[in-house]
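Chains A and B are the protein sequences, given in the same order. Position 6, counted from 1, in the first sequence is what full-length UniProt numbering calls 6; the numbers after and before it change by one each time, with no gaps. Position 57, counted from 1, in the second sequence is what full-length UniProt numbering calls 57; the numbers after and before it change by one each time, with no gaps.
Please note that a few of the clues may not be correct.
Stated by the list, open to error - Derived pair list, reagent style EDC-like, types lysine to aspartate or glutamate, alpha-carbon separation capped at 16 Å:
1. LYS188/A / ASP476/B
2. LYS504/B / GLU99/A
3. LYS309/A / GLU328/B
4. LYS516/B / GLU162/A
5. LYS309/A / GLU347/B
6. LYS276/A / GLU374/B
7. LYS422/B / GLU162/A
8. LYS180/B / GLU210/B
9. LYS188/A / GLU374/B
10. LYS330/B / ASP308/B
11. LYS168/A / GLU20/B
12. LYS426/B / GLU99/A
13. LYS479/B / GLU99/A
Honestly, the hints are just simulated from the structure, not real lab data.
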Amino acid sequence: MQEKISEIKVKFLKEIEDAGSLKKIDEIFLELFGKNGVITELPKHFKGVSKEELKEVGPLFNKTKQELEEKIRVKRQEVKEESYKEIEKESFDINAKVELPKRSGHLHPLTQFEQQIVELFRSIGFQQFESPEIDDEYNNFEALNIPEGHPARDMWDTLYIEGKGERKEGNLLLRTHTTNFQNRAMKKFKPPIRLVNIGRCFRYENLDARHEHTFDQFDLIYIDKEVSMANLQYLSEYLLKQVFGPEIKVRMRPKYYPFVEPGAGVDGLCLFCKGKGCKVCGGIGWLELAGAGMVHPFVLKMAGLDPYKYSGLAWGFGPARMVMLQNQIEDIRLLMSGDLKFLQKF
Amino acid sequence: MKVSKNWLKELVDLNISDDELVRLLPLRTIGIKEVTPDFIELDMKGYNRADLLSLRGVAFEVVAITQSKLKFEEKDTAEFIWVDKSLNEVGVNVEDEDLAPIYCIAKIEGLKVEPSDNNWVKKLSDSGIRSINNVADVTNLVMVEYGQPLHAFDASAVEGEKIVVRTAKEGEELETLDGKKRKFSNTDLLITDPKKVLGIAGIMGGKNSEVSDSTTTILLEAAIFNPKNLRKTATRLGLNSEASKRFYHGLTKKKLYQALDGAIRMYESLGGKLTGLTIEGDLEEQERKIPLGLPKIHSLVGVNLDKDQVETYLTKLGFKLEKQATQEGKPGWVVTPPYFRLDVDIEEDLIEEVARMYGYENINARPLEGVLPEKIDQKFFQTLYNLKVKLAGLGLTEVQTYPYYSTKVLRSLGFLEEDNLKHLVKIQNPISQETEYLRMDLWPNLLEAADKNLRQNIKDVAVFEMGKVFIVQEGDKPKEEYRLAILISDGTENTVLQILQIFKGLKLDVEIKQEKPQGIGKLLFHPTKAISLSKDGQIIGVIAEIHPRIADNFGVGKRVGILEFVIKL
Chain A
1 MQEKISEIKV KFLKEIEDAG SLKKIDEIFL ELFGKNGVIT ELPKHFKGVS
51 KEELKEVGPL FNKTKQELEE KIRVKRQEVK EESYKEIEKE SFDINAKVEL
101 PKRSGHLHPL TQFEQQIVEL FRSIGFQQFE SPEIDDEYNN FEALNIPEGH
151 PARDMWDTLY IEGKGERKEG NLLLRTHTTN FQNRAMKKFK PPIRLVNIGR
201 CFRYENLDAR HEHTFDQFDL IYIDKEVSMA NLQYLSEYLL KQVFGPEIKV
251 RMRPKYYPFV EPGAGVDGLC LFCKGKGCKV CGGIGWLELA GAGMVHPFVL
301 KMAGLDPYKY SGLAWGFGPA RMVMLQNQIE DIRLLMSGDL KFLQKF
Chain B
1 MKVSKNWLKE LVDLNISDDE LVRLLPLRTI GIKEVTPDFI ELDMKGYNRA
51 DLLSLRGVAF EVVAITQSKL KFEEKDTAEF IWVDKSLNEV GVNVEDEDLA
101 PIYCIAKIEG LKVEPSDNNW VKKLSDSGIR SINNVADVTN LVMVEYGQPL
151 HAFDASAVEG EKIVVRTAKE GEELETLDGK KRKFSNTDLL ITDPKKVLGI
201 AGIMGGKNSE VSDSTTTILL EAAIFNPKNL RKTATRLGLN SEASKRFYHG
251 LTKKKLYQAL DGAIRMYESL GGKLTGLTIE GDLEEQERKI PLGLPKIHSL
301 VGVNLDKDQV ETYLTKLGFK LEKQATQEGK PGWVVTPPYF RLDVDIEEDL
351 IEEVARMYGY ENINARPLEG VLPEKIDQKF FQTLYNLKVK LAGLGLTEVQ
401 TYPYYSTKVL RSLGFLEEDN LKHLVKIQNP ISQETEYLRM DLWPNLLEAA
451 DKNLRQNIKD VAVFEMGKVF IVQEGDKPKE EYRLAILISD GTENTVLQIL
501 QIFKGLKLDV EIKQEKPQGI GKLLFHPTKA ISLSKDGQII GVIAEIHPRI
551 ADNFGVGKRV GILEFVIKL
């Protein structure tokens with residue numbers, strides 16, 4: 001048996017060495033390790049071998065098998081590297097004309113939805129403003145009435161950027177919400193202010209069908225004299241009726257966010273059961289669709305605005321959830337999957 | 001916070017059904033996480049209502065929103081069980097009063113440790129807490145009812161029955177009740193005796209002084225610890241307990257005494273006897289007086305509520321009002337919140353109370369008024385969107401990928417060597433290895449996505465992504481850049497030429513430069529099929545075929561053409 005193994009080894013090592021193409025290597029691989037391959041079949045002949053002898057044969061067989069596998073791997077790499085040398089000879093004429101294949105393109109469902117939202121708000125005077133994705137604790141937390149050690153920081157499981165030393169504005173982090181634009185925007189512009197900010201946010205979150213660690217958020221602020229919760233209700237209805245149809249019912253209820261007071265959660269009557277209670281809404285009959293509130297006087301002060309003179313509202317939501325509800329997408333991870341079968345449906 | 005339905009009804013004579021209460025709570029007070037036949041779980045995540053971490057607090061709230069009757073009365077100072085009793089002092093030494101402003105120890109003798117009766121076991125299990133034994137259960141029952149955490153030490157395990165509250169010495173250790181060894185740093189506040197550590201203040205007790213079957217005498221601790229310091233310790237040890245949560249939401253002296261009194265009475269019902277009491281420290285609890293003006297309510301809520309409504313709502317919630325006109329001579333009040341409403345500090349907080357009692361759902365929509373703000377330059381946003389529309393028009397599908405390089409991408413790019421990793425922005429506390437490094441280019445993630453699609457037997461991958469990448473800058477905050485990337489892999493040999501054609505079709509203000517890309521990217525591209533893109537004389541991007549070795553690393557055996565450049569106006 002040892003002899004037979006040695007024979008196989010010598011024969012195939014040579015064959016592999018001589019192989020000049022990936023195709024040939026694949027053939028040899030099958031001949032050895034395929035369903036009826038030489039190596040695959042060999043252990044079947046161990047039956048007749050004595051126990052004593054098997055102590056030698058077993059390890060030898062394993063060693064040979066590994067050697068052959070390794071040889072194939074190395075040879076494959078060699079052949080590939082050889083072919084890579086060939087490409088140096090390829091010419092590149094940037095003026096050469098090619099025919100573009102006919103393809104039908106698609107915008108990402110989030111892009112389509114977000115553009116719709118931006119345009120809706122543009123038509124009532126809201127313009128876009130942008131804030132950085134890598135930000136500091138000042139803008140992401142402190143200016144929003146969330147000091148260090150505040151229990152509310154538990155609402156945002158934050159990812160921090162490694163080692164950029166002590167900074168006046170606090171540690172660097174990936175913004176946990178697009179609300180990080182508020183302080184900047186209120187410092188830059190004088191009231192009346194009507195701005196929206198839309199973009200990516202990041203949280204320390206384990207992935208499942210309903211949770212993403214990377215997701216888009218939409219935030220707006222409206223600062224003027226005499227801004228009220230009645231305006232909040234208006235904006236909630238304005239958006240949700242456009243997105244889900246005029247029959248949707250919209251309600252506010254108390255909710256705590258440190259940067260607003262009073263704070264509100266915005267619910268839409270469940271689109272699927274119309275309020276009766278179903279699996280989608282967890283039996284409640286309402287879906288939580290947005291968060292909102294009147295800008296906290298501390299937040300106004302931090303941006304240099306006088307809370308006795310001005311009031312404001314803040315309003316925001318996660319576009320992914322609405323896109324999922326609109327299109328009955330069950331798994332949030334599909335949005336970032338790059339799966340063309342999914343994306344080309346939109 | 002899990003609110004036991006049965007227990008709540010011991011505190012409130014509820015005049016509505018459970019279902020009705022479940023419907024009303026989110027509209028008036030707080031969201032609900034889960035409802036079972038036994039409990040209603042309030043969604044406390046991030047909430048600031050410390051009072052709702054106690055059943056008595058929930059009872060006050062339920063009474064206010066349902067017009068039900070309260071079934072209990074809070075005890076007055078004169079009624080506490082220790083008043084007029086001659087009791088021994090228990091040895092207590094609090095070294096730092098800032099970290100433990102109030103610290104009480106009651107000594108209770110003559111106890112017999114047994115399983116709790118069914119009523120207690122059920123109350124605890126409704127609240128999500130496991131019954132241990134009658135003596136330990138009292139501390140948890142009182143915590144749930146009053147919101148004040150308590151801890152019982154076996155007195156025989158406390159050296160000389162003397163308690164020292166002090167910060168840890170470097171290297172000190174304790175095996176906590178959960179059986180884990182905890183190491184301390186010198187800001188952690190510990191409960192100790194003259195010889196050893198007994199517990200971590202406000203977080204968890206130690207095994208060495210746990211109440212056991214042979215316990216007959218306990219030292220019962222009721223304290224208020226500095227929430228910030230406690231939170232730091234709890235976070236570092238990864239030990240967020242039911243108790244620690246209540247400490248950092250905030251406690252009051254009044255509730256502490258009520259809870260201590262309640263606990264001692266329960267121990268006496270078990271046959272125990274109070275023989276010693278020490279109360280260290282004090283906490284001035286000033287009544288807050290907050291001005292509230294009717295006009296401000298009208299302007300912020302957007303509903304013209306009348307004075308009576310405001311007074312009725314706030315009174316129901318236990319606020320005290322005194323009429324006092326505003327500076328402008330308009331109707332107003334000075335309002336004193338109930339002592340347990342630590343979350344109410346300013347006029348806006350009061351307005352929220354009024355608004356929720358009125359019912360947010362009753363506020364009618366009012367369109368935005370006033371003048372429109374000045375126009376600001378929106379060209380950048382429009383450019384981004386227009387470009388996307390054009391690319392889709394040219395047959396490309398928009399993809400969005402994660403901002404991280406996965407381990408597969410890192411390995412395929414040959415980035416796993418330390419030398420290259422230093423070019424990437426690193427996350428200090430990544431969720432996993434897959435999200436540890438931020439992308440510095442878009443195309444590698446597009447290639448990873450292309451591989452997944454090609455494996456799904458999609459023959460023609462022609463995609464683009466627009467998004468931010470992150471560039472390390474020596475001694476400064478990382479730079480964010482908006483980029484566009486295109487990738488084509490359709491089985492033909494001319495993917496780069498297709499991309500060139502698409503690029504030309506976009507008619508951008510970006511020039512092609514017959515220059516090989518430099519930097520760490522250059523080894524990743526085809527040796528001849530790679531050129532640069534420039535704008536205003538600056539290189540801003542590349543059009544290239546990916547080197548087949550790199551594509552192969554990703555698992556792609558076909559030609560791959562890419563474009564990537566910085567989007568600048």
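Tested hints:
1. For the hint pairing LYS188/A with ASP476/B, the CA-to-CA distance comes to about 23 Å; that exceeds 16 Å, so the pair is violated.
2. With a C-alpha separation of about 13 Å, the suggested pairing of LYS504/B with GLU99/A holds against the 16 Å cut-off.
3. A distance of roughly 14 Å separates the Cα atoms of LYS309/A and GLU328/B; the hinted pair therefore holds under the 16 Å criterion.
4. In summary, the hint linking LYS516/B to GLU162/A is not supported, as the alpha carbons are separated by about 33 Å, beyond the 16 Å threshold.
5. With a C-alpha separation of about 15 Å, the suggested pairing of LYS309/A with GLU347/B holds against the 16 Å cut-off.
6. Only pairs whose Cα atoms come within 16 Å are accepted, and LYS276/A paired with GLU374/B is rejected, the gap being roughly 45 Å.
7. With a CA separation close to 11 Å, the supplied pair LYS422/B and GLU162/A stays within the 16 Å bound.
8. For a cut-off of 16 Å, the pair hint linking LYS180/B to GLU210/B stands: about 14 Å separates their Cα positions.
9. Distance check on the hinted pair: LYS188/A and GLU374/B sit about 12 Å apart at the alpha-carbon level, within 16 Å; holds.
10. For the suggested pair LYS330/B and ASP308/B, the alpha carbons sit about 15 Å apart, so the restraint of at most 16 Å is met.
11. Under the criterion of a C-alpha separation no larger than 16 Å, the hint pairing LYS168/A with GLU20/B is inconsistent with the structure, at around 50 Å.
12. Of the supplied pair hints, the one linking LYS426/B and GLU99/A is violated, its CA atoms being roughly 42 Å apart against a limit of 16 Å.
13. About 38 Å separates the Cα atoms of LYS479/B and GLU99/A, which puts this hinted pair outside 16 Å; it is violated.
Hint compliance for this structure: hints 1, 4, 6, 11, 12, 13 are not met, and every other hint is.
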